[in-house]
Amino acid sequence: MAERRRKGWREGAHVVANMMIVALFLFPLAWMFLGAFKAQGDLLSPTPVWFFTPTLEHWQFIFENWNVERHMVNSVIVSVLTTLLTLALGLPAAYGLARFPIAGKDAITFEILSLKMIPPIAAVVPLFVLTRQVGLYNTLTVLVLLNTAFQLPFAILVLKSFVEEIPSEIDEAARVDGCGSFGVLWRAILPLSVPGLICCAVFVFIFSWNEFMIANTLVGGDLRPLPPIVGLALTHRGILWGPALALGVVVLLPVLALTFALSRYMARGLTFGAVKG
Amino acid sequence: MIGPKARTGRQGLWFFLPAAVFLTVVLIYPLVYSLYASFTNMRLTSPITRFVGLDTYALVLSSELFRSSVWITVVFLSCAITLEFLIGFGLALSFRAMRHTHPVMRALLMLPLMATPVSVGLVWKLMLNSDFGIVAYAGQQLGFGNILWLADPFFSMVSVIAMDVWQWTPFMFLILLAGLEGLPEDVFEAAEVDGSGALDQLLHVTLPLMSRIIVIALAFRVMFAIATFDTVFVLTKGGPARATDLITLLIQREGLVNLNVALASAMSFLVLLMVTVFSAFTFKKVLANG
Numbered sequence: 001m002a003e004r005r006r007k008g009w010r011e012g013a014h015v016v017a018n019m020m021i022v023a024l025f026l027f028p029l030a031w032m033f034l035g036a037f038k039a040q041g042d043l044l045s046p047t048p049v050w051f052f053t054p055t056l057e058h059w060q061f062i063f064e065n066w067n068v069e070r071h072m073v074n075s076v077i078v079s080v081l082t083t084l085l086t087l088a089l090g091l092p093a094a095y096g097l098a099r100f101p102i103a104g105k106d107a108i109t110f111e112i113l114s115l116k117m118i119p120p121i122a123a124v125v126p127l128f129v130l131t132r133q134v135g136l137y138n139t140l141t142v143l144v145l146l147n148t149a150f151q152l153p154f155a156i157l158v159l160k161s162f163v164e165e166i167p168s169e170i171d172e173a174a175r176v177d178g179c180g181s182f183g184v185l186w187r188a189i190l191p192l193s194v195p196g197l198i199c200c201a202v203f204v205f206i207f208s209w210n211e212f213m214i215a216n217t218l219v220g221g222d223l224r225p226l227p228p229i230v231g232l233a234l235t236h237r238g239i240l241w242g243p244a245l246a247l248g249v250v251v252l253l254p255v256l257a258l259t260f261a262l263s264r265y266m267a268r269g270l271t272f273g274a275v276k277g
Numbered sequence: 001m002i003g004p005k006a007r008t009g010r011q012g013l014w015f016f017l018p019a020a021v022f023l024t025v026v027l028i029y030p031l032v033y034s035l036y037a038s039f040t041n042m043r044l045t046s047p048i049t050r051f052v053g054l055d056t057y058a059l060v061l062s063s064e065l066f067r068s069s070v071w072i073t074v075v076f077l078s079c080a081i082t083l084e085f086l087i088g089f090g091l092a093l094s095f096r097a098m099r100h101t102h103p104v105m106r107a108l109l110m111l112p113l114m115a116t117p118v119s120v121g122l123v124w125k126l127m128l129n130s131d132f133g134i135v136a137y138a139g140q141q142l143g144f145g146n147i148l149w150l151a152d153p154f155f156s157m158v159s160v161i162a163m164d165v166w167q168w169t170p171f172m173f174l175i176l177l178a179g180l181e182g183l184p185e186d187v188f189e190a191a192e193v194d195g196s197g198a199l200d201q202l203l204h205v206t207l208p209l210m211s212r213i214i215v216i217a218l219a220f221r222v223m224f225a226i227a228t229f230d231t232v233f234v235l236t237k238g239g240p241a242r243a244t245d246l247i248t249l250l251i252q253r254e255g256l257v258n259l260n261v262a263l264a265s266a267m268s269f270l271v272l273l274m275v276t277v278f279s280a281f282t283f284k285k286v287l288a289n290g
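So the protein sequences, as listed, match chains A and B. 1 is the number of the first residue of the first sequence in our numbering; add one for each residue after it. 1 is the number of the first residue of the second sequence in our numbering; add one for each residue after it.
Since the hints were made in silico from the structure, they are not lab data. Fair warning: there could be bad hints in the mix.
Heads up, incomplete: computed chain B residues facing chain A, CB under 7 Å, no partners named [stated by the list, open to error]:
id: 1; residue: Phe-15
id: 2; residue: Pro-30
id: 3; residue: Thr-49
id: 4; residue: Arg-99
id: 5; residue: Leu-108
id: 6; residue: Pro-112
id: 7; residue: Gly-143
id: 8; residue: Ile-147
id: 9; residue: Phe-188
id: 10; residue: Val-222
Note that CB positions come from ideal geometry on N, CA and C, so glycine has one too.
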């Protein structure tokens with residue numbers, strides 16, 4: 001009895017401690033949300049202001065001066081197309097690697113992972129030169145192609161881990177029904193990979209939505225997606241804190257919503273399928 | 001006898017081919033071009049490019065800028081990742097000790113990880129501001145005086161590490177918690193019956209069982225951490241006085257601001273070489289046992 005009560009106490013302590021830590025981790029995001037609605041004076045006050053009359057002036061400012069709708073549309077176009085292209089290339093590749101006796105399969109898997117290990121900046125410098133030569137500099141196409149290239153290794157490995165979990169009897173059954181290899185992919189693997197595709201899609205969408213370096217380097221002006229605009233707010237005549245925070249929140253909101261939705265797939269996606277969450 | 005519907009490696013390659021061609025054209029070709037550029041003196045500000053052999057590499061290796069950036073990156077990686085691992089593991093153990101899984105708390109902890117890096121850099125820049133930042137205010141209230149978080153070389157490194165720990169501890173936490181939840185329950189019960197204490201159990205049961213997951217988590221974290229750019233670019237831009245000038249920031253400045261493509265390419269390949277050596281040691285093992 002005393003033993004059980006002690007265990008109950010200990011668990012209670014863990015719950016309280018964990019809640020406090022979660023709150024601590026959420027604080028910077030909460031502070032950003034608050035800041036986006038604070039008047040300039042409250043925002044720059046040396047003592048933190050907790051209670052204030054919310055204002056929409058920064059929001060008005062960014063929509064009037066920074067053409068936010070335009071950049072948001074760019075972000076949506078790039079992220080959606082990147083996600084579709086990545087899945088369209090990634091699922092067949094994952095199926096090929098998971099289901100066929102390809103020679104040197106482990107070596108190929110390792111090479112794919114190595115591609116993901118390349119810091120993007122290493123590719124961005126030559127691309128800065130090359131995209132000008134082929135006329136893709138300053139187009140949304142180049143952002144879709146590059147984001148896809150950066151996310152594809154991840155997608156192949158995650159989807160491969162999902163495809164490997166589909167029992168191969170299902171392939172055999174489809175083959176008995178007269179499906180060829182492509183038919184198996186289309187009629188058996190694709191419908192059964194939906195959870196994997198969703199996991200992958202949300203990750204790829206968020207990563208390309210968040211992407212800053214390529215977007216900041218290879219496109220300019222009206223074609224820029226949202227993250228480089230946040231960067232712009234920072235150097236532009238010092239820092240316009242209010243509008244910068246409002247814009248930071250605009251970029252962040254869809255990501256936070258999606259993250260909430262995909263939370264249970266997270267551990268698995270983060271290790272490219274190496275850890276089953 | 002191979003029937004008409006048998007699966008052959010060649011058939012599999014056809015499915016793999018579109019992705020392979022795409023990656024070759026969009027990613028591998030630029031890297032090969034960059035490798036070529038690293039053996040020249042290519043600058044976008046000069047019309048003449050000629051082959052210079054290993055001269056650019058010699059220049060990079062003897063450059064104080066490059067060496068100090070490598071050192072700064074190593075300090076950043078080791079401090080940040082150690083802290084992320086310790087806090088993440090502690091938190092995962094603490095979550096595991098709760099009877100319910102609390103999916104909402106777990107989902108909330110993922111937010112820093114997925115948050116847009118430029119927004120993360122922005123809010124940390126606000127919080128660490130020495131005139132009106134809440135961290136500076138808290139420091140003053142606690143009697144640390146007015147710490148110039150982003151203007152002092154030492155504290156700006158501390159700031160960059162703190163921001164990274166905030167952003168990436170959830171990564172360690174999630175992977176390690178997934179690992180802990182996959183451990184067989186009876187091992188812990190057996191240990192409890194044996195009467196071993198909590199520390200004993202951690203050292204002799206949990207850690208050995210978790211070793212593969214821990215290696216995976218650390219290897220992935222190192223891999224992502226080397227590419228760290230956006231958050232630090234927004235928070236400090238490598239300053240003050242290059243105190244937080246990570247290797248990625250240096251390459252970006254050389255290549256895209258100074259337009260010295262040859263130098264930036266050579267630096268990139270030296271970094272790639274280090275990453276490859278590192279990954280050859282860790283990932284091959286991890287994947288082989290996967």
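Structure-based check of each hint:
{"no.": "1", "hint": "Phe-15", "in the structure": "holds, 3 Å"}
{"no.": "2", "hint": "Pro-30", "in the structure": "holds, 4 Å"}
{"no.": "3", "hint": "Thr-49", "in the structure": "violated, 10 Å"}
{"no.": "4", "hint": "Arg-99", "in the structure": "holds, 6 Å"}
{"no.": "5", "hint": "Leu-108", "in the structure": "holds, 5 Å"}
{"no.": "6", "hint": "Pro-112", "in the structure": "holds, 6 Å"}
{"no.": "7", "hint": "Gly-143", "in the structure": "violated, 16 Å"}
{"no.": "8", "hint": "Ile-147", "in the structure": "violated, 14 Å"}
{"no.": "9", "hint": "Phe-188", "in the structure": "violated, 14 Å"}
{"no.": "10", "hint": "Val-222", "in the structure": "violated, 9 Å"}
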